[in-house]
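Each chain, written out:
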Amino acid sequence: MSKKRRENETESGPVTPHVPVDRFGFLKQEHGNSPERFSKARSTSSTDHDREERKVRKWRKMIGVGGSDWKHYARRKPNVVKRRIRKGIPDCLRGLVWQLISGSRDLLLMNPGVYEQLVIYETSASELDIIRDISRTFPSHVFFQKRHGPGQRSLYNVLKAYSVYDRDVGYVQGMGFIAGLLLLYMSEEDAFWLLVALLKGAVHAPMEGLYHARLPLVQQYLFQLESLVRELIPKLGEHFTQEMINPSMYASQWFITVFSYSFPFPLALRIWDVFLSEGVKIVFKVGLALLRYCQDELVRLPFEKLIHALKNFPEDAMNPDTLLPLAYSIKKSVNEIMMESKGGKKNSSSSSLFYEAPLGYSIEDVRPNGGIKKFKSSVYSNCAKRPS
Amino acid sequence: MGSSSGQPEFDYLFKVLLIGDSGVGKSSLLLSFTSNTFDDLSPTIGVDFKVKYLTIGEKKLKLAIWDTAGQERFRTLTSSYYRGAQGIIMVYDVTRRDTFTNLSDIWAKEIDLYSTNQDCIKMLVGNKVDKESERAVTKKEGIDFAREYGCLFLECSAKTRVNVEQCFEELVLKILETPSLTAEGSSGGKKNIFKQNPAQTSSASSSYCCGS
Chain Z
1 MSKKRRENET ESGPVTPHVP VDRFGFLKQE HGNSPERFSK ARSTSSTDHD
51 REERKVRKWR KMIGVGGSDW KHYARRKPNV VKRRIRKGIP DCLRGLVWQL
101 ISGSRDLLLM NPGVYEQLVI YETSASELDI IRDISRTFPS HVFFQKRHGP
151 GQRSLYNVLK AYSVYDRDVG YVQGMGFIAG LLLLYMSEED AFWLLVALLK
201 GAVHAPMEGL YHARLPLVQQ YLFQLESLVR ELIPKLGEHF TQEMINPSMY
251 ASQWFITVFS YSFPFPLALR IWDVFLSEGV KIVFKVGLAL LRYCQDELVR
301 LPFEKLIHAL KNFPEDAMNP DTLLPLAYSI KKSVNEIMME SKGGKKNSSS
351 SSLFYEAPLG YSIEDVRPNG GIKKFKSSVY SNCAKRPS
Chain W
1 MGSSSGQPEF DYLFKVLLIG DSGVGKSSLL LSFTSNTFDD LSPTIGVDFK
51 VKYLTIGEKK LKLAIWDTAG QERFRTLTSS YYRGAQGIIM VYDVTRRDTF
101 TNLSDIWAKE IDLYSTNQDC IKMLVGNKVD KESERAVTKK EGIDFAREYG
151 CLFLECSAKT RVNVEQCFEE LVLKILETPS LTAEGSSGGK KNIFKQNPAQ
201 TSSASSSYCC GS
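The listed protein sequences derive, respectively, from chains Z and W. Take 1 as the starting number for the first sequence in UniProt numbering and just add one per residue. Take 1 as the starting number for the second sequence in UniProt numbering and just add one per residue.
Treat each hint with caution, since some may be false.
Said to hold, decoys possible - With beta-carbon atoms standing in for the labels, derived distance ranges:
hint	chain 1	residue 1	chain 2	residue 2	range
1	W	Ala136	Z	Lys82	49 to 57 Å
2	W	Glu148	Z	Pro20	47 to 55 Å
3	Z	Asp91	W	Ser180	57 to 65 Å
Claimed, not checked - Listed below are the simulated EDC-like cross-link pairs for lysine to aspartate or glutamate, each with C-alpha atoms no more than 20 Å apart in a straight line:
hint	chain 1	residue 1	chain 2	residue 2
4	Z	Lys58	Z	Asp91
5	W	Lys52	Z	Asp91
6	W	Lys60	Z	Asp91
7	Z	Lys146	W	Asp40
Since the hints were derived computationally from the structure, they do not count as laboratory data. These numbers were taken from a predicted model, which means no experiment stands behind them. Positions of the beta carbon are idealized from the N, C-alpha and C atoms, including for glycine.
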């Protein structure tokens, strides 16, 4: 997948070949998404290099040629798979593995020609909104930097296709960061089906409620996050109450973009590895881990400095090798809260099932409403619907 | 920088809100005002917040400015931030007519619906005057709208910084002339201004409790 990317870039000529970029393709000396600050942590000595090679070999063996052994392996050794994913998927295999664990590969194979249809023949009410945001999405990444370049075109196509595929969602700001992140690891069509798998819930709870009118799932998650902070980090929860800080002031983007909006890219990728494998729980856990890690500092801050700090966590807190183990260690309450939300969801009018995959899931085992097949017919019925 | 010394660091604290369509330059305007810089910014997801200190005449002022996402879908998250604002800045893009027509269709209605301050000062700001050749809304139309809706009015450019400070200063001057607003914003009463708890009104929260 990433090979395809590189070909694209050379075809159209790199935008600014002399500008130094980091290993993920972000221009250096940029703040925000630049992972440069972590370069020390991953400076590749020869032992690191050997370790990485061994890791890739193990992974290749696990997934087989083109992912042929994956399902088998995941069913037989779910805990091995889970553990390895938590340590980080090798970057060169990330695109493929993401498609395997999200169930998007199956959707793609089941729906030949559908993406092309959506891109070429359909029109979307959101086209102008999408175009307006294209150049504002990862502008510091070489792939998306060039106006009307291959990156921006792909991003537009994926978002437009999705807005046609699911007119109830259409296009919502924030989706561009998710699509952009995916496009750095796979082709347009693959990225589109992964977006479908996520929003429609191929393996985990559907994300579409994050983007529906009135953002019902955002509201629910923010409410749950607030309870979790009070329960698990009571001192900070109390301080938030006193300072009148609520999660809508800092955490909406955590959920809406799954940490892809403003977090260092290496951290975002590691979160995405686990997010695709284990579901939204990891978003809560990472958020709670960040708050817990910084709580001694945070409880001392008055309102306005607190708000600033909650959107600008220190570098050491955002080192994936520090933060993720902390996130994994948060267990019980998040699961409980998520269980509660299942009950809550049933009362809502939404037709989508809110379910969580059991721990060692395999894609075939966990299927909403008769599994992935449900996506097959929905495409055209969605296309036929009038824009709302 | 000291957070809680006895001497108040300001005489008045005002809460100001920026609203308007996506891409009109709300965040850029705010960045231009608070940091004197201009940058291509990512779309705002949810809300953002910045503080700016101003001295007007003898008065030391602290502005707490909330910047909101412009896309329609986000209004559910942003609507609670109108509460308690002494000033609201409605921004449109002078090169995009739809962002101007949406002021009366959408944004003025949002203010009526969600603002809790009867005397709240409204300001209309036409941004991007640096793109004069692409202008799609005349200055006269802006003035007429402002007159009809009882707003202050300015055209500005977050990029060239033309009129950026004036936008906020004129708004603040008007707030200072309004006794009911200055009473709220005086440093004695700062707690209840600054710490409006905006989101999750009781009705919003309760709807998620019912399932458990």
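Please test the hint of 57 to 65 Å on the beta carbon pair from Z:Asp91 and W:Ser180. holds, 59 Å
20 Å limit on alpha-carbon distance, applied to hinted pair Z:Lys58 and Z:Asp91: Holds, at roughly 14 Å.
Please check whether W:Ala136 and Z:Lys82 have a Cβ separation lying inside 49 to 57 Å. The hint (49 to 57 Å, Cβ to Cβ) holds, given that W:Ala136 and Z:Lys82 are roughly 55 Å apart.
Z:Lys146 and W:Asp40 were given as a pair; does the straight-line alpha-carbon distance stay at or below 20 Å? holds, 14 Å
Within 20 Å, alpha carbon to alpha carbon, are W:Lys60 and Z:Asp91? Roughly 53 Å separates the two Cα atoms, so the pair is violated.
Checking one constraint from the list: CA of W:Lys52 to CA of Z:Asp91, max 20 Å. Satisfied? Since the Cα atoms of W:Lys52 and Z:Asp91 sit roughly 43 Å apart, the hinted pair is violated (cutoff 20 Å).
Falls inside 47 to 55 Å, the C-beta gap from W:Glu148 to Z:Pro20? Holds - the Cβ-Cβ distance for W:Glu148 and Z:Pro20, about 53 Å, lies within 47 to 55 Å.
Of the numbered hints stated above, those contradicted by the structure are hints 5 and 6, listed in ascending order.
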